[in-house]
Amino acid sequence: MKVNISELKALVLEAAEKEEPIGGLADDAPLFGDTSPLSLDSIDALQISMAIQQRYGIRLKDSKETRRAMTSLASLASHLNQ
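With numbering that gives the first Met the number 0 applied, the sequence shown covers 0 to 81.
Since the hints were made in silico from the structure, they are not lab data.
Treat the hints loosely; a few may be bogus.
[What the hints assert, rightly or not] Calculated lysine-lysine pairs in the DSSO-like style (CA-CA distance at most 30 Å, straight line):
hint : residue 1 : residue 2
1    : Lys17     : Lys63
2    : Lys60     : Lys17
3    : Lys8      : Lys60
4    : Lys1      : Lys17
5    : Lys1      : Lys63
6    : Lys63     : Lys8
7    : Lys60     : Lys1
Build out the structure end to end from the sequences listed, making use of the hints.
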């Protein structure tokens, strides 16, 4: 199953209980850290991982690779589509 970025964006926002920022959320915008328009944290990452597993049946492992994949919507979609 190919993961669609707009569906993934909706899933991330819902799982993290966030609203889309004014001006939108670019596919390559950082999801975590000071420069993130969403300011997600480790609890959000866990909620997003659980939502991805429920929706797509893909389990994200707690690894450096997964942390790199969750840097943006584009990198997360690419990781899930491998």
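Now the hints, each set against the structure:
1. Lys17 to Lys63: holds (25 Å)
2. Lys60 to Lys17: holds (23 Å)
3. Lys8 to Lys60: holds (20 Å)
4. Lys1 to Lys17: holds (24 Å)
5. Lys1 to Lys63: OK: Lys1 and Lys63 at ~23 Å, within 30 Å.
6. Lys63 to Lys8: Judged against 30 Å, a Cα distance of about 22 Å means the pair holds.
7. Lys60 to Lys1: holds (19 Å)
Consistency note: the structure conflicts with none of the earlier hints.
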